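**Q** For the protein sequence lines, the chains are P and U, in the order given.
Note that UniProt numbering has the first sequence beginning at 1, numbered continuously upward.
Note that UniProt numbering has the second sequence beginning at 1, numbered continuously upward.
Keep in mind the hints are simulated off the structure, nothing from the lab.
Computed from a predicted structure; not experimentally measured.
One should not assume that every hint holds.
Claimed, not checked - Derived lysine to aspartate or glutamate pairs resembling DMTMM-like cross-links, with alpha carbons at most 20 angstroms apart: (1) P:LYS443 x U:ASP52; (2) U:LYS218 x U:GLU123; (3) U:LYS218 x P:GLU212; (4) U:LYS42 x P:GLU212.
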Amino acid sequence: MLRPALVAAALAAAFPAHADSEVDALRAELKELKASYEARLRALEARLEAADAAPAPAPAVDTAQADAPAAPKLNPDISLILQGRYAQLDDIEHRAISGFLPAGHAHETARGFSLDHTELVMSASIDPYFRGYFNLALQDDEVDIEEAWFQTTSLGEGLSIKGGRFLSGLGYQNEQHPHAWDFADNSLMYRALFGEAYGNDGLQLKWVAPTELYMEFGAEAGRGANFPGTDRNRNGAGSYTLFGHLGGDLGVSHSWRAGLSYLHARASAREGELDDVDDVEIETLFSGTSKTWLADFVWKWAPEGNARERNFKFAAEYFRREESGELCGFDGVSSCTAGTDDAYRARQSGFYAQGVYQFMPRWRTGYRYDRLDPGSVDFGANPLSLAKSDYKPTRHSLMLDYAPSEFSRLRLQYSKDQSMAEVSENQWFVQYIHSLGAHGAHKF
Amino acid sequence: MKRLLLALALWLPVAAYASLNVFACEPEWAALAREIGGDDVKVYAATTATQDPHRIEARPSLIAQMRRADLAVCTGAELEIGWLPVLLRESGNARVQPGRPGYFEAARLVPLLDKPRRLDRAEGDVHALGNPHIHTDPRNILRVAESLTARMAELDPTKAAAYRARGQAFGTRWQAAIARWEARAATLKSVPVAVQHKSFSYLLAWLGLREVAILEPKPGVDPSVAHLARVAAQLETTPARMVLRTAYQSPRPAAWLADRAGIPALALPYTVGGNAQAKDLFALFDDTLDQLLKAAR
């Protein structure tokens, strides 16, 4: 604080031969400074004495809180996610995972430069009882409301209710938007199951147990319009979901979460495409029930729990899906499986496992393995000669990404994609993910 | 369904409600809550001194602890913005939501330093409200202690007298300690220092040390070699007597610079548990001063 005065004094001492008038000026300045500081010191002392004499201001504390400047934000937190990429892909006209009915809402795979979803996110407390969240995914000719929901914040006892359109709490990756994925594209498992992720219009009830071990249980009921269900123009719920997650720490450096989920959906005339034995594409319509089990496991490591320098994350998910009902095909004429005894039945499964290692600040590398099993598909007494596949789609992916800050990320990825029978494709992706504005924190 | 949940909830061992459960975001607030709460509270420290409080994973174990908390004591001022909102949201615990008595933000009780003049991410990891590392000035801890005592008494009226007694005793001891520290640190006034991150702004302001260089090019941005070289060159014209970093920060940049400039690099405990000596709040400042005085000698 006294620095200018000291400097002045030092200067005065160092240059005694300097013009006297300047020294005088400095002296005067010094005097002035001294006087003003002394006055301020006296004032401070007086205030201190007054404070000491006053009784302990115990209940006056909250007025201090009220006086503190609050962040000027009655507006919602708004963030925008910019994503784009360059993809080096083979020229394949029609991409589909062999042996699996195509799930809806699959991302198109444009070759060369392209823009991914641009996401607009808003969220805020609605009032002391609810909070709201909104996520809009924009692409050239489509605008999707990916999520738009409210959630209770004041029920207590670990209970919360979410309502509106939301990504289901099943599995691990499902609730993550593409910008939070560790790889440039979706896992084969999620592509086969839901296209991108399972979202629903409906209600979710969630309960966290008051235990040291993290235990979360949830149930959802909703419209069920998305794959594997369809919109059915009915009252009541078209799909329901049950899920449970456990989690905890092992020492200070390790943490984990494991879960089991179940999705029950109904489909009515769900459109799909399958090849017949002569490789002719046949449009199919499926009506029936779809039951999916998912198991998920995540393990994270960071030395001493400090993820800033180095950390490792392992995630794996496994699913089994059983579908039964009526499958119709349009091969010029329509023909369906008939009767309950010889209905269409499919039992399919698959998994992915991935590890991502941050080996130094900002830099991460990762490997993901995808494998699907077409399992047993019984077309029943269908007169169409649909091709049964025993090809097991696989894919290896390697990625390297660099995050200059928490808000930007650049990624290079190579994939050896064998998700289509008789095609072994080398895929290269260069991707950027940038987030502008008040971006909410990500889950574990 | 609800009846089933209720039955389940009652059946589970809910010893959690025996005493006031305090969820402390950082070790310093855990230590303070223990000083005031004594045996009447159960304190869970969500982070350790070896973890960067800006970057914590919203781990399931933390959600489970937040679920059981009666009082969440955090720094605020956006220090925990990357993880605390997730914990509060996922816990389903209404008692500790912002605006409720069970939510306590220390940074709101003290005047904040380093308020950014420009709110732009081009400036790095800026905290709109100001520098959140308030506990490095013991006078701030005193302010927080008074308020925390009142809050604990409000939440657990049956033990209010005990909280107030312990709070008062702590305040007296703390004020005496501040006087002792200030006397010890008189020689540190105007000593120029370099810091890795603006973790010690309040400590430096309290003791009158001068921050002449920061190793991070922007707040929260790791120093590059090029930037470190610039800082080293800067230190040739405006020399610093030591380089300060916290226990959770990488030792490399500070060590590199200290080596280049021929000055000591100090790993200050920064918070309780930051080294073997810093066992409680008193020892935290004792050790911090020991190290500073030794390096300034």
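**Q** Quickly compare the C-alpha distance for U:LYS218 and P:GLU212 to 20 angstroms and report which way the hint goes.
**A** Not satisfied, since the Cα-Cα distance of roughly 39 angstroms exceeds 20 angstroms.
**Q** Starting from P:LYS443, check that the Cα of U:ASP52 is at most 20 angstroms away, please.
**A** holds, 17 angstroms
**Q** Regarding the pair U:LYS218 and U:GLU123, is the alpha-carbon distance no greater than 20 angstroms?
**A** With a Cα-Cα distance of about 6 angstroms, the restraint between U:LYS218 and U:GLU123 holds, given a limit of 20 angstroms.
**Q** So if I understand the rule, the pair passes when the alpha-carbon distance is 20 angstroms or less; does U:LYS42 with P:GLU212 pass?
**A** Given pair U:LYS42, P:GLU212 holds - Cα atoms ~13 angstroms apart, limit 20 angstroms.
Hint 3 from the list above is the single one not met by this structure.
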